[in-house]
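Line order of the protein sequences matches chains A and B. The first sequence runs 1 to 399 under the working numbering. The second sequence runs 1 to 295 under the working numbering.
None of these hints come from the bench; they were simulated from the model. Treat each hint with caution, since some may be false.
Stated by the list, open to error - 25 angstroms max Cα-Cα, derived SDA-like pairs, lysine to any residue:
#1 A:K248 with B:L83
#2 A:K248 with B:M1
#3 A:K248 with A:P165
#4 A:K381 with B:N124
#5 A:K248 with B:V136
To be verified - DEER-style ranges, computed between Cβ atoms:
#6 A:V262 with B:A177: 53 to 61 angstroms
#7 A:E394 with B:R137: 30 to 38 angstroms
#8 A:E274 with B:T163: 48 to 56 angstroms
#9 A:S177 with B:R128: 23 to 31 angstroms
#10 A:E389 with B:R128: 25 to 33 angstroms
#11 A:R83 with B:V59: 26 to 34 angstroms
Unchecked claim - Covered by chain B, per the in silico footprint, the following chain A stretches (three or more residues, Cβ under 8 angstroms):
#12 36-44
#13 212-225
#14 259-268
Backbone N, C-alpha and C fix where the C-beta goes; we use that ideal spot for every residue, glycine too.
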Amino acid sequence: MRLSSIMATAATAALIAGSATADVKFGALYPFSGQLALLGEESARGVEIAVEEVNANGGVQGEEVTLVRGDAVDNNQAIGEARRLIAREGVKAILGTYSSSRSIAASQVAELSGIPYFELGAVADEVTGRDLQYLYRTNPTAEDMGRMSVQMIVDEIAPALDKDPSEVRVGIIHEDSSYGTSVAGHQERFGEEAGLQIATVQGYPASTVDMSSLVLDLQGRDVDVVMQTSYQNDSVLFLQQANESGFKPAAIIGGGGGYSMVPTAEAVGTDVIEGVLDVDFTQYTVDPAYAPGMEDFVETYREKYGEEPRSGHSLNNYVGAMAIFAAIDGAESFEADAIVEAVEQIDIPEGETAAGYGIQFGENNQNERAKMMGMQWQDGKLLTVYPAEAATSEMRIGK
Amino acid sequence: MQTFLQIIANGLMLGGLFAIVAVGLTLIFGIVKVVNFAHGEFLMVGMYLTYLLTSGLGVHPYATAVAVIPILFVLGAVTQRLLIQPLMHARDEHIQIFATVGLSTALINLALLIFGADIANTPNYGVRSQIQIGSVRILEGQLWIFLAAILLVIGLQLFLARTNTGRAIRATAQNRAAARLMGINDRFIYVLTFGIGAACVGFGSALIAPLYPTSPTIGTYFVLIAFVIVVLGGLGSIPGAFFGALIIGLVDALSGFYIGSDLREAVVFGIFLVILILKPSGLFGTRVSQAHVSP
Chain A
1 MRLSSIMATA ATAALIAGSA TADVKFGALY PFSGQLALLG EESARGVEIA VEEVNANGGV
61 QGEEVTLVRG DAVDNNQAIG EARRLIAREG VKAILGTYSS SRSIAASQVA ELSGIPYFEL
121 GAVADEVTGR DLQYLYRTNP TAEDMGRMSV QMIVDEIAPA LDKDPSEVRV GIIHEDSSYG
181 TSVAGHQERF GEEAGLQIAT VQGYPASTVD MSSLVLDLQG RDVDVVMQTS YQNDSVLFLQ
241 QANESGFKPA AIIGGGGGYS MVPTAEAVGT DVIEGVLDVD FTQYTVDPAY APGMEDFVET
301 YREKYGEEPR SGHSLNNYVG AMAIFAAIDG AESFEADAIV EAVEQIDIPE GETAAGYGIQ
361 FGENNQNERA KMMGMQWQDG KLLTVYPAEA ATSEMRIGK
Chain B
1 MQTFLQIIAN GLMLGGLFAI VAVGLTLIFG IVKVVNFAHG EFLMVGMYLT YLLTSGLGVH
61 PYATAVAVIP ILFVLGAVTQ RLLIQPLMHA RDEHIQIFAT VGLSTALINL ALLIFGADIA
121 NTPNYGVRSQ IQIGSVRILE GQLWIFLAAI LLVIGLQLFL ARTNTGRAIR ATAQNRAAAR
181 LMGINDRFIY VLTFGIGAAC VGFGSALIAP LYPTSPTIGT YFVLIAFVIV VLGGLGSIPG
241 AFFGALIIGL VDALSGFYIG SDLREAVVFG IFLVILILKP SGLFGTRVSQ AHVSP
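Only chain A is shown next, with the shape it has when bound in the complex (with noise of 0.2 angstroms):
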């Protein structure tokens, strides 16, 4: 009894002596099990970069930062361990979230307990816009994407097919889940802003087997340009149904997840996908020129994981990892508000970060600066080409 007791108050004093020299902590929230694990340790991945280059370099406010991981498997665990990161852990704030749900349940949690959450990837417009006091989100968003895809249109495609803008029929379609309904909408809004003939909106249900219909319906509205918002099943899905009944519009713009992967390429085959454009988080083809300090990004996760960066989310997650942690090295303390204040005083201009876009939040604590890059798939090659100033390549539009 008394041997026991006297190694427990031992091992209490190692305990406390242990949190005493103890770095500051921030929680990262992300999937790391599950369905959305592959591109949720992706994410991460981005965010234990920064965190290793900010310690590099003296830490934060002079204290080593450590990274707290909790597993948002669903909506239920990203409220459990984002209670478990604030109480038990003491994290200073969060960082997130890949999955917009998760996200929007588990920001709730952290402003409830006056932490601030920072969303470095997820795109659904709910994010934002719900006057959390203590939520900021730095990557583009679904509206962004939207924007995106209509002004490659009027820029670019619309111009290569000699045709002005209020000639090109679009035809909108997406997986009906809140993900490409509202991409779709903002589609659709930019698109009639912009004089585009917006033929059809249709959403499906990404668990689809079968799109043959849709294709051949499409086909019957004579459509010059398709537009999918989708995961990678129904990508790959609509490009290889649409090869296979002949559908060739002038081009086709996929909005992120399936159409930015590499198995997606080899699913429908290169020359299938060739030509086809997308629209997603700033990938590793963009001009370095335009996002200084890709290349040393990409150096390093080679470095650390032994293979390259499987999607552009790492990137996105390090780059707004990395402003949040320069902002709070400048704050007078690890306060929330006093986070919150240096955080609000962020201003890094386009051309900047390794990602490209610029960071300063606005409305809805929003970064009005974010922004989607266009790519096109060229000779098995997600290549980006739009904007022009971060564009690697020209755009090909064929006819």
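Assemble the complex: chain A is given as a structure, and chain B must be docked to it using the hints.
Below, chain B alone, put in the same frame as chain A:
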């Protein structure tokens, strides 16, 4: 007219695809009386096996059926023996359903662990090439699936009608207690039936894998519609599953074009409800015996 024919062809091919998944499910549903929520995951396992064998050994995906069918048979039989059978005498038989839900989740996450969330592409060896019949275009692989579904349905019907084992399976389905009194080993019959049901979807997966990218959740794409088909055709009816699948395939294709892709599920399920209201036992269903409930 040309478009209409193309839609009909697409619908029939889709129906064949649904049929080949649903046949095994209806067998298990009708005879073992277990709602197997892991059926889609059996399909997923089969597709990954096809993928691994095709890309690893460099053989035609259809040839992998030789290995995939027995493996899936064993998977199904083991599921019945080790998971369902111990629960047969549970106070509430719905517990078996929850067990299959658990198995489904476990298999999906196992696949995530082994293969990751990314898609796996089975080399297609030309089965994605097109066949032109008049003005209608279909894929070679779709046609094979359609023909294979017909063969599978006829084969299973013959097996159930003409062989002693088949008769024993039907007897057990009709009245488990009476079948036991006749000297039929009902436990063995259940293990066998579950195995055959899984083997059917194994056969299907070798045909489906070259057409659809495989992912851990691919099964969930098929399983809900497969349940609808099984209920529509009549629980346990194999021809019912086949024709139910064709109806759902056609309705899906036609409503997807004429009504809009966002509403096609609503139409499919609406028609499903209407048929059930008019004919509650399903198109080919007979009154289901509850005799297995009593010991």
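Next on the checklist: I'd like to know which numbered hints this structure contradicts. Please list them from smallest to largest.
Outcome noted: The structure breaks hints 1, 10 and 11; every other hint is satisfied.
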